[in-house]
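Trainee: Those protein sequence lines, which keep their order, are chains A and B. First residue of the first sequence? That's 1 in the numbering used here, and the numbers climb one at a time after it. First residue of the second sequence? That's 260 in the numbering used here, and the numbers climb one at a time after it.
I should point out that these hints are in silico values taken from the structure, not numbers from a laboratory. The beta-carbon is built from N, C-alpha and C at its ideal position, and this holds for glycine as well. A few of these clues could be false.
[Claimed, not checked] If you want the ones that stay clear, here's a sample from chain B, every Cβ over 12 Å from chain A, calculated:
(1) 288
(2) 328
(3) 341
(4) 382
(5) 392
(6) 428
(7) 445
(8) 466
(9) 484
(10) 513
[Claimed, not checked] No more than 30 Å apart at the CA atoms, straight line, and that leaves these computed lysine-lysine pairs for DSS-like:
(11) B:345 / B:451
(12) B:374 / B:274
(13) A:7 / B:274
(14) A:37 / B:274
(15) A:231 / B:345
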Amino acid sequence: MIQMLQKLGRNTISTFSAVGAASIMLFGAIFAAPRLKNIGLTVHQMYVVGVQSLLIIMVSGLFIGMVMALQGYTILVNYGAEGSLGPMVALSILRELGPVVTALLFAGRAGSALTAEIGLMKATEQLSSLEMMAVDPLRRVISPRFWAGVISMPMLAIIFSAVGILGGHLVGVDWLGVDAGSYWSIMQATVDWNEDVINGIIKAIVFALVVVWIALYKGYSCIPTSEGISKATTETVVFSSLAILGLDFILTAVMFGIN
Amino acid sequence: MTDKLNTTISIDAMKFTRGDRTIYESISLDVKKGNITAIMGPSGIGKTTLLKLIGGQLYPDNGTVEFLGENIHQVSRHRLYELRRKMSMLFQSGALFTNISVFDNVAFPLREHTKLDEDIIRTIVMLKLEAVGLRGAHDLMPSELSGGMARRAALARAIALDPELIMYDEPFAGQDPISMGVLVKLIKSLNKALDLTSIVVTHDVTEVLSIADYVYILANKRIIGEGTPQQIQNSDSALVKQFLQGKADGPVPFHFPATGLEESLMGAK
Chain A
1 MIQMLQKLGR
11 NTISTFSAVG
21 AASIMLFGAI
31 FAAPRLKNIG
41 LTVHQMYVVG
51 VQSLLIIMVS
61 GLFIGMVMAL
71 QGYTILVNYG
81 AEGSLGPMVA
91 LSILRELGPV
101 VTALLFAGRA
111 GSALTAEIGL
121 MKATEQLSSL
131 EMMAVDPLRR
141 VISPRFWAGV
151 ISMPMLAIIF
161 SAVGILGGHL
171 VGVDWLGVDA
181 GSYWSIMQAT
191 VDWNEDVING
201 IIKAIVFALV
211 VVWIALYKGY
221 SCIPTSEGIS
231 KATTETVVFS
241 SLAILGLDFI
251 LTAVMFGIN
Chain B
260 MTDKLNTTIS
270 IDAMKFTRGD
280 RTIYESISLD
290 VKKGNITAIM
300 GPSGIGKTTL
310 LKLIGGQLYP
320 DNGTVEFLGE
330 NIHQVSRHRL
340 YELRRKMSML
350 FQSGALFTNI
360 SVFDNVAFPL
370 REHTKLDEDI
380 IRTIVMLKLE
390 AVGLRGAHDL
400 MPSELSGGMA
410 RRAALARAIA
420 LDPELIMYDE
430 PFAGQDPISM
440 GVLVKLIKSL
450 NKALDLTSIV
460 VTHDVTEVLS
470 IADYVYILAN
480 KRIIGEGTPQ
490 QIQNSDSALV
500 KQFLQGKADG
510 PVPFHFPATG
520 LEESLMGAK
């Protein structure tokens, strides 16, 4: 009994101290504002985490748009409502699938890579040697990656949504014969800029913050051994995914739930 | 009493524990300015830890570490970073940045901390690389270097900013006899030419005794012997003798603390 209590206490303390340490790191990363000469580093990281994730994001967006159109068409056509295919595809992608799927893919593609990279830098004493060279690793390593992730992921989500809507067009209009005019015009009439587009982008920004934060903290605090790094990488993907789905529910409830 | 002006590092009654393990009971040592001070001891004794304590990356439980008269663990973070510009450390693995070339690695501290022109940086980097015999390897990536070469490249980076103190963590481990000889000479000549203070952490007895001005031997969580190389070699202490002659039996245990062999082989718990 006492042992269980001790364990509970120990776990609670270590959880809180981890959250504290992660917050300190986040604070350091945000306010170690990228200095002028570090902007190049941030841009380079945007290339690594953003541009190099483009292919997987675009292919996924295309297929998800195509599947949405196919599924939507088979249901809507029963009611003669296939003209509403455009808004159906656009709304589901803009509001939900765009930010959520992009964030999940981003966690798997870029988040895991960030954790592994920083973990290995720690294991090979590169972070230590930066400190000894009087260069703050938070400023030099963490901050550029943080900002690069937070800037790139919403852009990837926007690209995902755009490609998804085109994929819907490909299947719905070009293949299944929905009228192109109604696909676009009803979409334009239904999709609201603030309600749908901006809310989707806000979601993407929140997910980006969380994924990058988890990925960087897991790498920075990992045990610098091969098992430690592999565990940290797995945890990055698992924790990020759960956080994305949980936050998505909360954000959806706040944005669309109560009218 | 120690002369403050001529002391670069002064450690006083420092205690350090990691988890439940006590690494140092109470250590006091001084590193004189301009000297090469060797810190020797069996592996696993926490020699690297000592360097990290001096660099302010770890905090002692008790006692003080002073660098140029300032308590390294009590200065502000800003001041700590200023002080670190005057010290430099050669990591055992080299710890080169794997994503940039050898040239950029050596240029890194110069680009971070100075506003020199690229031309001047190029000259400095080439001179530093020449000193460690790797000028021809300047455009290689760290992954293309052998372990020994990586350490020499890291040495070039460590001296790029002409620090006042340089700490070598096992500089001789894994070096072939030729580069070992070169490194030994290099440490000696750099120390003289750049007016450095050097701390060499190692267990290569013969190499380090040939260049050190003063030697500390660490074992059993404390300093078991100190003195000039001559004093150390003539020491009567059984501990020091055991270490210098490399005997497994003696006051310094070769075995990690454990239960009796018989007991563990018979499966007793």
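Trainee: Which of the stated hints cannot be reconciled with the structure, identified by number in ascending sequence?
Mentor: Checked against the structure, the hints that fail are numbers 3, 6, 12, 14 and 15, while the rest are satisfied.
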